[in-house]
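Peer 1: Residue numbers (the numbering used here), protein chains in the order written: chain A, 1 to 360; chain B, 1001 to 1360.
Hints listed in this document are in silico derivations from the structure and should not be mistaken for laboratory results. A portion of the hints provided could be inaccurate.
To be verified - Okay, the calculated beta carbon distance ranges per label pair:
no.: 1; chain 1: A; residue 1: Arg218; chain 2: B; residue 2: Asn1119; range: 37 to 47 Å
no.: 2; chain 1: B; residue 1: Asn1281; chain 2: A; residue 2: Lys2; range: 50 to 60 Å
no.: 3; chain 1: B; residue 1: Ala1038; chain 2: A; residue 2: Asp270; range: 45 to 55 Å
no.: 4; chain 1: B; residue 1: Glu1293; chain 2: A; residue 2: Arg35; range: 52 to 62 Å
no.: 5; chain 1: A; residue 1: Arg35; chain 2: B; residue 2: Glu1106; range: 24 to 34 Å
no.: 6; chain 1: B; residue 1: Phe1351; chain 2: A; residue 2: Lys235; range: 35 to 45 Å
no.: 7; chain 1: B; residue 1: Ala1334; chain 2: A; residue 2: Asn236; range: 23 to 33 Å
What the hints assert, rightly or not - Within a straight-line C-alpha distance of at most 25 Å, the following computed DSS-like cross-link-like pairs (lysine-lysine) qualify:
no.: 8; chain 1: B; residue 1: Lys1333; chain 2: A; residue 2: Lys231
no.: 9; chain 1: B; residue 1: Lys1321; chain 2: A; residue 2: Lys83
no.: 10; chain 1: B; residue 1: Lys1082; chain 2: B; residue 2: Lys1214
no.: 11; chain 1: A; residue 1: Lys82; chain 2: B; residue 2: Lys1214
no.: 12; chain 1: B; residue 1: Lys1002; chain 2: A; residue 2: Lys26
no.: 13; chain 1: B; residue 1: Lys1083; chain 2: A; residue 2: Lys214
no.: 14; chain 1: B; residue 1: Lys1026; chain 2: A; residue 2: Lys214
no.: 15; chain 1: A; residue 1: Lys235; chain 2: B; residue 2: Lys1002
no.: 16; chain 1: A; residue 1: Lys333; chain 2: B; residue 2: Lys1235
no.: 17; chain 1: A; residue 1: Lys312; chain 2: B; residue 2: Lys1235
no.: 18; chain 1: B; residue 1: Lys1082; chain 2: A; residue 2: Lys26
no.: 19; chain 1: A; residue 1: Lys333; chain 2: B; residue 2: Lys1002
no.: 20; chain 1: B; residue 1: Lys1155; chain 2: A; residue 2: Lys26
no.: 21; chain 1: B; residue 1: Lys1333; chain 2: A; residue 2: Lys26
no.: 22; chain 1: B; residue 1: Lys1026; chain 2: A; residue 2: Lys235
no.: 23; chain 1: B; residue 1: Lys1312; chain 2: A; residue 2: Lys321
no.: 24; chain 1: A; residue 1: Lys347; chain 2: B; residue 2: Lys1312
no.: 25; chain 1: B; residue 1: Lys1026; chain 2: B; residue 2: Lys1083
no.: 26; chain 1: B; residue 1: Lys1026; chain 2: A; residue 2: Lys2
Claimed, not checked - Facing chain B, a subset of chain A residues (Cβ under 8 Å, in silico):
no.: 27; residue: Ala38
no.: 28; residue: Ala279
no.: 29; residue: His283
Remember, it's a predicted structure, so these values are computed and weren't measured experimentally. Glycine included, C-beta positions come from ideal geometry on N, C-alpha and C.
Single-letter residue listing:
Number of protein chains: 2
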Amino acid sequence: MKNYHLTAGPSELYFTVEQHIQQALKENIAVVSHRSAAFQDMFGFTVSQVKEMLGVPADFHVVFTGSATEVWERLAQNCITKKSAHFVNGSFSERFHAFAEAWGMETQKIEKPLGEGFNLNEVDIDKDVDFIAITQNETSTGVQFPVEDIYSLRKEHPNAIIAIDAVSSVPYLNIDFNQIDSLFFSVQKGMGLPAGLGVWIFNEKCVDRAKEIKATGRHLGGYHDIFTLLKNASKNMTPATPNALGLYTLGKVSEDLIRRDMDIVRSETDYKAALLYGAVNAHKDLDYAVKEERVRSKTVIVIDVKEGRSAKDLMTYLSDKGLIVSSGYGANKATQIRIANFPTHSKELYFQLVDLIEAW
Amino acid sequence: MKNYHLTAGPSELYFTVEQHIQQALKENIAVVSHRSAAFQDMFGFTVSQVKEMLGVPADFHVVFTGSATEVWERLAQNCITKKSAHFVNGSFSERFHAFAEAWGMETQKIEKPLGEGFNLNEVDIDKDVDFIAITQNETSTGVQFPVEDIYSLRKEHPNAIIAIDAVSSVPYLNIDFNQIDSLFFSVQKGMGLPAGLGVWIFNEKCVDRAKEIKATGRHLGGYHDIFTLLKNASKNMTPATPNALGLYTLGKVSEDLIRRDMDIVRSETDYKAALLYGAVNAHKDLDYAVKEERVRSKTVIVIDVKEGRSAKDLMTYLSDKGLIVSSGYGANKATQIRIANFPTHSKELYFQLVDLIEAW
Chain A
1 MKNYHLTAGP SELYFTVEQH IQQALKENIA VVSHRSAAFQ DMFGFTVSQV
51 KEMLGVPADF HVVFTGSATE VWERLAQNCI TKKSAHFVNG SFSERFHAFA
101 EAWGMETQKI EKPLGEGFNL NEVDIDKDVD FIAITQNETS TGVQFPVEDI
151 YSLRKEHPNA IIAIDAVSSV PYLNIDFNQI DSLFFSVQKG MGLPAGLGVW
201 IFNEKCVDRA KEIKATGRHL GGYHDIFTLL KNASKNMTPA TPNALGLYTL
251 GKVSEDLIRR DMDIVRSETD YKAALLYGAV NAHKDLDYAV KEERVRSKTV
301 IVIDVKEGRS AKDLMTYLSD KGLIVSSGYG ANKATQIRIA NFPTHSKELY
351 FQLVDLIEAW
Chain B
1001 MKNYHLTAGP SELYFTVEQH IQQALKENIA VVSHRSAAFQ DMFGFTVSQV
1051 KEMLGVPADF HVVFTGSATE VWERLAQNCI TKKSAHFVNG SFSERFHAFA
1101 EAWGMETQKI EKPLGEGFNL NEVDIDKDVD FIAITQNETS TGVQFPVEDI
1151 YSLRKEHPNA IIAIDAVSSV PYLNIDFNQI DSLFFSVQKG MGLPAGLGVW
1201 IFNEKCVDRA KEIKATGRHL GGYHDIFTLL KNASKNMTPA TPNALGLYTL
1251 GKVSEDLIRR DMDIVRSETD YKAALLYGAV NAHKDLDYAV KEERVRSKTV
1301 IVIDVKEGRS AKDLMTYLSD KGLIVSSGYG ANKATQIRIA NFPTHSKELY
1351 FQLVDLIEAW
């Protein structure tokens, strides 16, 4: 029996990944110099595909790090002048906040309990905030931050840098980049790739901000400050020898998704989410972990297991049938399960999942 | 015709890599959670194999970064209290020095022209130096730093942290870890693996040093400071979702080399180096780039092309026969070529290379 990973961390690989890796080995992608024209062509192709897939405007920059976690550090070092506001309602938004504090920034923490989203009418961002951090999809709780709310924040705070953690919503997320300044993700979730690569997208405003900060004498970091990353990326290169296999497969899977059509990829995600949430709603022992529909994630589906039944039993039951899902995160480990809804998870797989959940 | 990369950057993959990647994909190495027991087992195996391969004592720690370049930054942040001494005779030792300066350290730069090694009788390390950086094998020039000289420095400077950049000498390098405090490398050179992973080995003295520095209030970096790396490694984990495919193949290729026997791996390297240097010596238009035998690298062989012949022609001649070598680095691009001598480069490949060079 083959196991399918519907996990919200690393997840099932996109079905074309194995073939792309084999092709990469044939083409010596991991062997040629990262200062060669062959590498530059590959880097340029990957950037072009990522931009097309996500609708990134031509004047935005795309650079690569070791992880999305690294991007938190790079943003704190390079793009927060003095004070950042953080919407915190889960472990990952909390961690970005902790990074900003560790790098000596003043912070405003706008907090909600786990499982809840934000109501902008209740939020008052401090006037001296120069950076706003938004986790568009909290992998730990399955709460999303609607793009309309991001656009409202943009209008109210035109000068602040707005940075979007889209780790578990790319490539589903359909966002107007002209209303944000930076977005980042890692490749092992929605893209279905082996981990080991963070993707950091940002506009010229972020670069200008870093210049201003640097002019004050602050050290913005070493080999991966925004200038070094950018100087190399402008030549289709990286500062250090990179995970070239990861870069190559990212470009190829992005191309696959573009060919499939991003509208279809997104509507399939909606369809599978509706299917699974419907089964949760109909089940007497299950409930939505995120009660408010407006902020309920389509890509990380978190389910409450009611008292009397056990989340662990549900996980074991599914894994006995070959479907591996994630446990609840942190404090919710005993009472929740989390199920990824990424492009690699087919409708057929979701039919099977829903049948099993109904029968539980 | 198959091309063979004898390049000194990324190089030909070790011949078992493709099969290990296929096995990794079968075993879901890139899919399972980096917080799972399966991941922990894999991480533990890789650390054990790296330690056995290089003779690392049990009380040393092994952690992983995105690149060896990243380790320069981590050492500067975590292990240099105030002043570091750097032996600089090429681009990579120069860059480590630049990192220390950028992080606000005082530095002593002990410099030699490209192609020359150090004579410790001429070197006087400042009394207030607390950290000594040694590039054991300069990839840019093919100059090595003999281990006996490292042991002499240890005796004279028992309190300084001695950190060894072994990027292009692992796994050939046979060093007594009890006479150093830290060693680091990346996997795309001597190990013959796809790039995207740095390996940082250090002892408890480095951890104590970081504790002392932290106590002064200095921020040692974020997600990859020595404490966060260590706390995770002690559970066979990483702070962020890592390049799990890279970790797995590193463990497997280390195991392959141990099975082959490290003494044999090293003596084959010596044999191939002798063969190639012999051909260089016998050729009227070629010369050793490193004149002093004592510091002439066995793993990165740099050849001067005498006036009247062209290094570029030699590279093209070899590449027409399927053998890809590196150009000279930086200022030496027009007059030198660099040839890697790693475990993946077989004796048969070297016979062919030497025949071609003799006939040029």
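Peer 1: Now tell me, hint by hint, if it's right for this structure.
Peer 2: Outcome of the hint check:
1. A:Arg218 <-> B:Asn1119: 37 to 47 Å: holds, 40 Å
2. B:Asn1281 <-> A:Lys2: 50 to 60 Å: holds, 58 Å
3. B:Ala1038 <-> A:Asp270: 45 to 55 Å: Once the Cβ atoms are compared, 33 Å apart, the range 45 to 55 Å for Asp270 (chain A) and Ala1038 (chain B) is violated.
4. B:Glu1293 <-> A:Arg35: 52 to 62 Å: violated, 30 Å
5. A:Arg35 <-> B:Glu1106: 24 to 34 Å: holds, 32 Å
6. B:Phe1351 <-> A:Lys235: 35 to 45 Å: 38 Å Cβ-Cβ, so the 35 to 45 Å window holds.
7. B:Ala1334 <-> A:Asn236: 23 to 33 Å: holds, 24 Å
8. B:Lys1333 <-> A:Lys231: Holds, at about 22 Å.
9. B:Lys1321 <-> A:Lys83: violated, 60 Å
10. B:Lys1082 <-> B:Lys1214: The hint holds at about 13 Å.
11. A:Lys82 <-> B:Lys1214: holds, 23 Å
12. B:Lys1002 <-> A:Lys26: Holds - the C-alpha atoms of Lys26 (chain A) and Lys1002 (chain B) are around 10 Å apart, at most 25 Å.
13. B:Lys1083 <-> A:Lys214: holds, 24 Å
14. B:Lys1026 <-> A:Lys214: violated, 47 Å
15. A:Lys235 <-> B:Lys1002: Distance of about 29 Å is beyond 25 Å: violated.
16. A:Lys333 <-> B:Lys1235: Given pair Lys333 (chain A), Lys1235 (chain B) holds - Cα atoms ~20 Å apart, limit 25 Å.
17. A:Lys312 <-> B:Lys1235: Cα-Cα ~23 Å, so holds.
18. B:Lys1082 <-> A:Lys26: Outside the cut-off at roughly 48 Å; violated.
19. A:Lys333 <-> B:Lys1002: violated, 52 Å
20. B:Lys1155 <-> A:Lys26: violated, 49 Å
21. B:Lys1333 <-> A:Lys26: violated, 29 Å
22. B:Lys1026 <-> A:Lys235: violated, 36 Å
23. B:Lys1312 <-> A:Lys321: Roughly 60 Å separates the two Cα atoms, so the pair is violated.
24. A:Lys347 <-> B:Lys1312: Given that 25 Å is the threshold and the Cα spacing comes to 56 Å, the pair is violated.
25. B:Lys1026 <-> B:Lys1083: Distance ~49 Å between Lys1026 (chain B) and Lys1083 (chain B) Cα, so the pair is violated.
26. B:Lys1026 <-> A:Lys2: It holds: about 10 Å lies between the C-alpha atoms, which stays within 25 Å.
27. Ala38: violated, 11 Å
28. Ala279: violated, 24 Å
29. His283: With a minimum Cβ separation of about 25 Å from chain B (threshold 8 Å), the hint on His283 (chain A) is violated.
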